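A.B. asks: Sequence:
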Amino acid sequence: MKVLLDTHIAIWIAGGASNASEKIRNIADDAENTLYISAAVLWEIAIKHGKGQLALHPLEARSSFHQTGMIELPITADHTLALTSLPQYPDHADPFDRIMIAQALYEAMPLLTADEKLWRYHATLVIPA
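By the numbering used here, the letter at position 70 of the sequence shown is numbered 997, and the numbering carries on one by one without gaps.
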């Protein structure tokens, strides 16, 4: 199964975080699964690192993601157009989350996330961590 990883899930998996749930570890360890990261993951890490909100440098993150076998998913025009099909929620307008959801929809792959705000977009699309 192809699985798109949310930013924090990608960081947990690449860092071997012991706080990742059993479900996350099982998905990451299953050789039948192919793990993808959106270009938005590195974009989000770069912005947060630049603001001093995240110690992880985006180049280190990218290297760790590749070493873990994650495949980068570029953001395409089709992905941005898929944003138009997403509902708008007044309490959730995070552009990184929304582009990852749009990518997952367009690419027909589930999004693995622990962010409860994302679960309401498409129940069959998001795998709660």
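Think of the hints as simulated: they come from the structure by calculation, not from any bench.
Treat the hints loosely; a few may be bogus.
[Said to hold, decoys possible] The following label-pair restraints were derived from C-beta to C-beta distances:
id, residue 1, residue 2, range
1, Gln1015, Ser990, 32 to 38 Å
2, Ala1004, Gly942, 18 to 24 Å
3, Tyr1016, Leu986, 32 to 38 Å
[To be verified] The calculated DSBU-like cross-link candidates involving lysine-lysine, where the alpha carbons are at most 35 Å apart (straight line), are:
id, residue 1, residue 2
4, Lys929, Lys950
5, Lys1044, Lys950
6, Lys950, Lys975
Predicted model, so just to flag it, every value in this text is computed and none were measured.
Every residue, glycine too, gets a C-beta built ideally from N, C-alpha and C.
A.B. asks: Now look at each hint and say whether the structure bears it out.
C.D. replies: Outcome of the hint check:
1. Remark: the range hint 32 to 38 Å for Gln1015 to Ser990 is upheld by a beta-carbon distance near 36 Å.
2. For Ala1004 paired with Gly942, a C-beta distance near 32 Å fails the hint of 18 to 24 Å.
3. One distance hint, 32 to 38 Å for the beta-carbon pair Tyr1016 and Leu986, holds here, with the actual separation near 33 Å.
4. Taken as a hint, the Lys929 and Lys950 pair is honoured in the structure, with Cα atoms around 15 Å apart against an allowance of 35 Å.
5. Taking the CA atoms of Lys1044 and Lys950, the gap is near 19 Å; set against the 35 Å cutoff, the hint holds.
6. With a CA separation close to 27 Å, the supplied pair Lys950 and Lys975 stays within the 35 Å bound.
When each numbered hint is compared with the structure, a violation occurs for hint 2 only.
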